[in-house]
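Chains as they are written, first to last, in this note's numbering: chain A, -10 to 136; chain B, -10 to 136; chain C, 112 to 194; chain D, 112 to 194.
Please note that the accuracy of each hint is not assured.
Distance condition first, Cα-Cα at most 27 Å in a straight line; then the derived BS3-like pairs of lysine-lysine [claimed, not checked]:
1) K134/A x K162/D
2) K113/C x K162/C
3) K136/B x K125/A
4) K134/B x K136/A
5) K136/A x K162/D
6) K125/B x K125/A
7) K136/A x K125/A
8) K125/A x K162/D
9) K162/C x K125/B
10) K162/C x K134/B
11) K121/D x K162/D
12) K125/B x K121/C
13) K162/C x K121/C
14) K125/B x K136/B
15) K162/D x K113/D
16) K162/C x K136/B
17) K121/D x K125/A
Far from chain D by the CB rule (all over 12 Å, computed), these chain A residues [stated by the list, open to error]:
18) T(-9)
19) H68
20) E77
Here are the computed distance ranges between Cβ atoms for each label pair [as the list claims (entries may be wrong)]:
21) A6/A x R120/B: 26 to 36 Å
22) E184/C x R(-7)/A: 50 to 60 Å
23) G71/B x S11/A: 15 to 25 Å
24) R(-7)/A x R156/C: 54 to 64 Å
25) G76/A x R58/B: 19 to 29 Å
26) D123/B x N169/D: 51 to 61 Å
27) W146/D x A31/A: 33 to 43 Å
Hints are computed from structural coordinates only; laboratory data are not their basis.
Quick reminder that beta carbons are idealized off the backbone N, C-alpha and C, glycines included.
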Amino acid sequence: MTVRVQEAPFDAGAETAALTASRTDIGGIASFVGLVRGEGDAVRALTLEHYPGMTERRLAEIEAEARSRWELLDCLIIHRVGRMLPGEPIVLVLCASAHRGDAFAACQFLMDWLKTDAPFWKQEETPDGTRWVDAKESDDAAAAKWK
Amino acid sequence: MTVRVQEAPFDAGAETAALTASRTDIGGIASFVGLVRGEGDAVRALTLEHYPGMTERRLAEIEAEARSRWELLDCLIIHRVGRMLPGEPIVLVLCASAHRGDAFAACQFLMDWLKTDAPFWKQEETPDGTRWVDAKESDDAAAAKWK
Amino acid sequence: MKLLYFAWMKAAIGHGEEIVDLPEGIATVGQLVEWLVARGDGYARAFRNIKVVRAAINQQFVTLEAPLAGATEIAFFPPVTGG
Amino acid sequence: MKLLYFAWMKAAIGHGEEIVDLPEGIATVGQLVEWLVARGDGYARAFRNIKVVRAAINQQFVTLEAPLAGATEIAFFPPVTGG
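Pulled out of the complex, with its shape left as it was, chain A reads as follows (with noise of 0.2 Å):
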């Protein structure tokens, strides 16, 4: 169970297998990789501003209430923050349990609520200079449905 955020990119093949290493239990694992783009050229780079701490916390909470909610066997996210270009990976969840189901909908779950309850925003560079991106209402939806 574990929740970092960080400049640097991410393995997510070594994350998994970090996470399966020496145990038999796991049955899958179901993953979500984020990844910037590039929309054409529209998209020359993205910047992730987050609120140190309480982005933390929040990571944390919104994995707790995944695991209170189904039966997971371990659990990770990463989150890039600062500068990165267009096909470089964002984000990371990882999701383990005994049964694809539980990893599924955890996984999802963890997507849909990290959209609209952490702390990060991204700032997009375009070929007419830089500009904040909107939230979207689609997610606003998509995180409700677990309410």
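Given the structure of chain A, go ahead and fit chains B, C and D onto it with the hints provided.
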């Protein structure tokens, strides 16, 4: 859009990296790795038998069905056959999309259909000898919800 | 016509593959099963619980009512347990 | 009392952090916002559309009606866009 049936283990991280290499249109990759569970010491090894030819054909059909239902930028299914030990990976499904909802749904759909519609059979080695694993009604129910 | 058997059906029958010449009058998968069951105890054991037996003609799932016309490869197997 | 601003609110106000001494009579987050808005154009711009402004007291989300009692760190920010 790739389907592989193989005896060798796979590297989920390397497969993910290959899928995203040199492109910037992918917003998210949902993935699932299924592992051999040891059930304490009750399962010492698992052997996967399959129907060569029909397996690849069914996997390709199931994958095409997923692509027709959701907006996928890429998709990968790797299913191992032969003998494997507890903790080893059996199956990998990766679904890449511009948006996470499509990636998650397609990944879950592929796993559900794999469980009920692809000709694989599991045999367990237990302390009391080998036994063929029974099909689960819960898998049929999971697959039926997509019909 | 090539017949294939998998998993515990293969174990019960004793082999996973055979070539057969069907007699006249066997037109469906169900009739083929009846003919096989009459061939010996192994077949009878493999097909004992016909409800759980799955069949495929030329690598496509079919029901027991499916006609054999055009079939070159017929497979019988238990419910699948992959993934 | 420490105030924090993030994203475009920080840009509008010109800094992301400040220590303030509140005058008497400011008891809720909403009253704090009114007091800040009166301090200058940057604040007025940051809080122009109050509906989209989110607030946290001591790193917990709160509404504009929340009392300031016990608050040591108050943050204002736009709707979040992580993940």
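Going through the hints against the structure:
With a CA separation close to 22 Å, the supplied pair K134/A and K162/D stays within the 27 Å bound. A threshold of 27 Å between alpha carbons decides the hint, and for K113/C with K162/C the separation of about 23 Å falls inside it, so the pair holds. For a cut-off of 27 Å, the pair hint linking K136/B to K125/A is broken: about 30 Å separates their Cα positions. Taken as a hint, the K134/B and K136/A pair is honoured in the structure, with Cα atoms around 23 Å apart against an allowance of 27 Å.
Restraint check for K136/A and K162/D: satisfied, since their Cα atoms lie roughly 22 Å apart, inside the 27 Å limit. For a cut-off of 27 Å, the pair hint linking K125/B to K125/A is broken: about 39 Å separates their Cα positions. For the hint linking K136/A to K125/A, the alpha-carbon distance of about 18 Å falls within 27 Å, and the restraint holds. Between the alpha carbons of K125/A and K162/D the distance comes to roughly 15 Å, so the proposed pair stays at or under 27 Å and holds.
Proximity of K162/C to K125/B is assessed by CA-CA distance (about 15 Å); at most 27 Å being required, the pair is judged to hold. Proximity of K162/C to K134/B is assessed by CA-CA distance (about 22 Å); at most 27 Å being required, the pair is judged to hold. Note on K121/D and K162/D: the hinted pairing holds, with a Cα-Cα distance of about 17 Å set against a maximum of 27 Å. About 21 Å separates the Cα atoms of K125/B and K121/C, which keeps this hinted pair within 27 Å; it holds.
With a CA separation close to 17 Å, the supplied pair K162/C and K121/C stays within the 27 Å bound. A C-alpha spacing of about 18 Å is found between K125/B and K136/B, which places the hinted pair at or below 27 Å, so the restraint holds. For the given pair, K162/D sits about 23 Å from K113/D by alpha-carbon distance, which is consistent with the 27 Å threshold. Straight-line distance between C-alpha atoms of K162/C and K136/B comes to about 21 Å, which keeps the hinted pair within the 27 Å bound.
This hinted pair checks out: K121/D and K125/A have alpha carbons roughly 21 Å apart, not beyond 27 Å. Non-interface status of T(-9)/A relative to chain D is upheld: no Cβ of that chain comes within 12 Å, the nearest being about 17 Å off. Some Cβ of chain D comes within 12 Å of the Cβ of H68/A; the nearest lies about 6 Å off, and the non-interface call is violated. Consistency note on E77/A: stated as away from chain D, and its beta-carbon is indeed over 12 Å from all of that chain's, at 15 Å minimum.
Separation of A6/A from R120/B is about 30 Å and conforms to the stated range, judged on CB atoms against 26 to 36 Å. E184/C and R(-7)/A have their C-beta atoms about 53 Å apart, which keeps the hinted 50 to 60 Å range intact. At roughly 23 Å, the beta-carbon separation of G71/B and S11/A lies within the given 15 to 25 Å, and the hint holds. Between R(-7)/A and R156/C the CB atoms are about 56 Å apart, so this pair conforms to the stated range of 54 to 64 Å.
Against the hinted window of 19 to 29 Å, the Cβ-Cβ separation of G76/A and R58/B comes to about 26 Å, which satisfies the hint. In this structure the supplied range 51 to 61 Å holds for D123/B paired with N169/D, their Cβ-Cβ distance being about 54 Å. Between W146/D and A31/A the CB atoms are about 40 Å apart, so this pair conforms to the stated range of 33 to 43 Å.
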